[in-house]
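*Asks:* Residue numbers (my numbering), protein chains in the order written: chain P, 9 to 182; chain H, 587 to 1318.
Keep in mind that the hints were calculated from the coordinates and are not lab data.
A few of these clues could be false.
Part of the chain H face toward chain P, derived, beta carbon under 8 Å [said to hold, decoys possible]:
(1) Trp-868
(2) Asn-1193
(3) Arg-1265
(4) Met-1300
Sample of chain P residues facing chain H (criterion: CB under 10 Å; computed from the structure) [stated by the list, open to error]:
(5) Asp-28
(6) Ser-29
(7) Phe-50
(8) Ala-56
(9) Pro-59
(10) Ala-60
(11) Phe-62
(12) Arg-64
(13) Ser-67
(14) Ser-90
(15) Gly-92
(16) Gly-121
(17) His-122
(18) Arg-181
SDA-like cross-link-like pairs, simulated, lysine to any residue; straight-line CA separation at most 20 Å [said to hold, decoys possible]:
(19) Lys-148/P / Lys-1275/H
(20) Lys-1275/H / Lys-139/P
(21) Lys-139/P / Leu-70/P
(22) Lys-139/P / Met-1300/H
For each residue, glycine too, the CB sits at the ideal point set by N, CA and C.
The chain contents come next:
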Amino acid sequence: MRSSVLILVLACAGCVSIPDSYAPPMQRHGMAGPDNRGLKHFIAMNDAAAPAHFLRDVSPELSDGLWRWTGQKPTLKFSLPSVGHLTLQIDFGIHDLLLKQAGPLTITYFVNGHALDKVTYSKEGQQHFEKAVDETWLVKNGINVVSFELDKVYVAPADGVKFGVTLIRAGFRE
Amino acid sequence: MKQAVYILLGAALTYAVCLSLGRLLLQRLRLRLYRQEETPLAFLCGSACLSFLVFLLAAGQLLYKGVFVALAAVVLVSAWRLRAFHSDAPSLPTLPRRLLWLYIPIAALFTALGLLHAMAPEMSPDGSAYHLGLVARYYRERGFSHLTTNMYANLSQGIEMLFLYAYSFGKHSASALVHFSFFLTLPLLILNYARRRGMPAAGMGAALFVFLSPVVGIDGASAYNDVAIAAILFAVFYLVQIWDEERSNALLIPIGLMAGFAFASKYTAFPALLYAGGYILWRTRALRPLVIVSLCALAMFAPWLIKNTIVVGNPVSPFFNQVFPNPYVHISFEKGYTEAMRNYPGLASRWEIPLEVTVRGQVLCGLLGPLFLLAPLALLSLKWRDGRRLLAAGICFGAVYFTNIGTRFLIPPLPYFALAMAMALARVPALLPVMVLLHALSAWPPLLQEYCATYAWRLDRMVWKQALRIETEDGYLTRKWPSYAVARMIEKNTPPGSTVLSFNQTGEAYTTRDTMVVYQSARGNELGGILLTPLITDYQPLQHVTFHFPGQPLRAVRLRQTAAHIPDHWTVTEVRLYHNGQELPRSPQWRLRASPNPWGVQEAFDNSPVTRWGSWQTAYPGMRIEVEFPAPTALDAVVVVNSTDVRAATMALDGKDASGIWRTLQPKPVITEEPPPLRLRREAAEVLKERGIGFLLMQEDDFAAKDLATRPEMWGVMRVGESQGFTLYKIQ
Chain P
9 MRSSVLILVL
19 ACAGCVSIPD
29 SYAPPMQRHG
39 MAGPDNRGLK
49 HFIAMNDAAA
59 PAHFLRDVSP
69 ELSDGLWRWT
79 GQKPTLKFSL
89 PSVGHLTLQI
99 DFGIHDLLLK
109 QAGPLTITYF
119 VNGHALDKVT
129 YSKEGQQHFE
139 KAVDETWLVK
149 NGINVVSFEL
159 DKVYVAPADG
169 VKFGVTLIRA
179 GFRE
Chain H
587 MKQAVYILLG
597 AALTYAVCLS
607 LGRLLLQRLR
617 LRLYRQEETP
627 LAFLCGSACL
637 SFLVFLLAAG
647 QLLYKGVFVA
657 LAAVVLVSAW
667 RLRAFHSDAP
677 SLPTLPRRLL
687 WLYIPIAALF
697 TALGLLHAMA
707 PEMSPDGSAY
717 HLGLVARYYR
727 ERGFSHLTTN
737 MYANLSQGIE
747 MLFLYAYSFG
757 KHSASALVHF
767 SFFLTLPLLI
777 LNYARRRGMP
787 AAGMGAALFV
797 FLSPVVGIDG
807 ASAYNDVAIA
817 AILFAVFYLV
827 QIWDEERSNA
837 LLIPIGLMAG
847 FAFASKYTAF
857 PALLYAGGYI
867 LWRTRALRPL
877 VIVSLCALAM
887 FAPWLIKNTI
897 VVGNPVSPFF
907 NQVFPNPYVH
917 ISFEKGYTEA
927 MRNYPGLASR
937 WEIPLEVTVR
947 GQVLCGLLGP
957 LFLLAPLALL
967 SLKWRDGRRL
977 LAAGICFGAV
987 YFTNIGTRFL
997 IPPLPYFALA
1007 MAMALARVPA
1017 LLPVMVLLHA
1027 LSAWPPLLQE
1037 YCATYAWRLD
1047 RMVWKQALRI
1057 ETEDGYLTRK
1067 WPSYAVARMI
1077 EKNTPPGSTV
1087 LSFNQTGEAY
1097 TTRDTMVVYQ
1107 SARGNELGGI
1117 LLTPLITDYQ
1127 PLQHVTFHFP
1137 GQPLRAVRLR
1147 QTAAHIPDHW
1157 TVTEVRLYHN
1167 GQELPRSPQW
1177 RLRASPNPWG
1187 VQEAFDNSPV
1197 TRWGSWQTAY
1207 PGMRIEVEFP
1217 APTALDAVVV
1227 VNSTDVRAAT
1237 MALDGKDASG
1247 IWRTLQPKPV
1257 ITEEPPPLRL
1267 RREAAEVLKE
1277 RGIGFLLMQE
1287 DDFAAKDLAT
1297 RPEMWGVMRV
1307 GESQGFTLYK
1317 IQ
């Protein structure tokens, strides 16, 4: 008897049609596109697409697979699919040699030419800058330029080469 | 007071129809019962019949009060005309008078306590959520709807069909009173069985052991179904034992009906089928009686299996989803749910169960009473045949307890152990009445609160003002039951037809809006995941897995999960196909397949960073996502956009060439990290809205609550209501 119950149950289950396959659904628009060779809204220095974001003062050489030296006024460009509720975020490192040689470092941050903030750093090591950006300063789906200007750099005594900070990642986030 | 009259009318009419149907059935079968046995057994058999009839009405979209009135008229008139209540059956042996003088006042006090609670506005956790939430919904929609987003709707609901009948006349409390009628019936069954077996004193004691037990009292006075199940199971046992004495084939029909009704009322009552079938087969060694019992049982529970098969593609949903894969309940949910039922939070070890279920009552939601610490005394009854039969039945019906260790899941086997204990205690003069008295004292609310846990689920006082509606239902529930206030807040602040997504169960029986609780369905799981994606970095598409291979025309590509023995599910946010650096537009002619969870495959091809296909079970090698093209299509790269909670999963890419042969295109992809996409919150809210969610309900300690409260403009939501720590947001 129980086997007949089981057969009935299985037969019932067999009545349910399960589609074999599906077509792609309606595509959602306005989202970050798939093209990882283009400009992004946020970039890590070890991303293969990073060099496309550099306008000036960022070294083409990646160090330790993670960071790049900057010059005195590193400048990068970003593309933003949306401009509301964004913060500029930059992770970088300050070398102790710079502080020893030149004293506390002041950095002024700019977004599309607007001064966003000015911060003085007196400690070495990794730093995180984060500040909300007025959306009227930003260009949706266009190029947005970010720069940060160091009031001093480290000058190598041996060859006079100038070093700014070690940039790890930068861009816009919600 | 008028409302109280309707409540009593609804419950009384339901009871009367059940009783009449049962009397008609017993009359037709010409069963030889004792006079005192007729009413309780007729009520239970009639309950099975009425439940079946209401199921048919619900399936036929005929849930109208007029239909119920007509049904009552037909049944009651038939019973009257056919003299179904006429009885010339002999009486059972009389009960000891001195014990009656002691027991009747105790029983009367506890009956009043339970009756008033059952009549008072219903505010039990599950009763006001899904037991009556579904009943109210079925009545509102005039029948079963294609409800796939509430796994409780997939459980068998035989008792809820009786609630539905009463609800149409007296709403929530009438339904609770229907359960209360089972609560009154159960001790009568125990008593009558014991009288039939020549042990009236033990029967009286055992009936009160069960009746006075705190968890039985509160459960029986609420819109739950555990006490009803216990009564039905005891009826199965009772009828089987009568059949064993008389070997009347007519008894096989009610035995089958009641065993089937047990399963049709609660999955965990399936041992009734094994007990009835097994016992009869054991005693007869013949198939015919077993076939009769099985067919009658099948008639009772098959409708529920068929309904589930039609609606959710799994006859025993929400369980056995591996056997009956379906889009409505995930395998991972079933696993988590069954584990949660076996391990209540707050219980350090299973060794705590005896004290928890008898004395404390908080962690496992209720207590049987300290008397049942003496349950091992039941073993003394093993020396009598009756004792052995009782304990065998108790073990059979209690065998499923460890699938859900809540105290109320001990109610079904309780009568057998209570009677076996009483048999042993009755051997010592005066001991049994003393134990009954002590049990009554320990269960009386003012004394009970002295030793049980503060929040133990129990009857706590006589709520006569609330029962009679001298205090209004709205006033009482608003004052005492937070879930009610939340339900009314939803009702007030949302238009009819709205769907509210919530992480918590609320008083769904008190709102007409559809509250989709995220853990109650596959769809809920998915929508909950979408809502959390902007907040949980590990859910976000931060990883690109790129497969480069020599450009070639392919008829299909297949992404395979290759890692074994990993704890994670496999998920994929997007699959993108490239040729010469350009992404191929997704053509409607593409055919997408996935295994497992083929129903979710479109989530990996919708260009949204908040939706993703998931295996919804632990990853194993061979899981796959496949894209088939209408004609050979040139490709040289595939990018899989992934979240970081599936780092342990590894993938290989296969391609089907023009000749139809599958081969691996690239076993080792390049993995790069990506920043989180912008505007994730707004995207999540938009996707939820597109999928029919108009409102979000957040409890203050929900994971997303703080972010929604502080950044409503980033989500695109507006706060529209607040109550009892819950906030309601409208998605704009």
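*Asks:* Now, for every hint given, state plainly whether the structure supports it.
*Replies:* Status of the hints after comparison with the structure:
no.	hint	in the structure
1	Trp-868	violated, 15 Å
2	Asn-1193	holds, 4 Å
3	Arg-1265	holds, 4 Å
4	Met-1300	holds, 5 Å
5	Asp-28	holds, 7 Å
6	Ser-29	holds, 4 Å
7	Phe-50	holds, 3 Å
8	Ala-56	holds, 7 Å
9	Pro-59	violated, 14 Å
10	Ala-60	violated, 14 Å
11	Phe-62	violated, 17 Å
12	Arg-64	violated, 22 Å
13	Ser-67	violated, 20 Å
14	Ser-90	holds, 4 Å
15	Gly-92	holds, 7 Å
16	Gly-121	violated, 22 Å
17	His-122	violated, 19 Å
18	Arg-181	holds, 7 Å
19	Lys-148/P / Lys-1275/H	violated, 24 Å
20	Lys-1275/H / Lys-139/P	violated, 31 Å
21	Lys-139/P / Leu-70/P	violated, 26 Å
22	Lys-139/P / Met-1300/H	holds, 16 Å
When the structure is compared with the earlier hints, violations turn up for hints 1, 9, 10, 11, 12, 13, 16, 17, 19, 20 and 21 and for no others.
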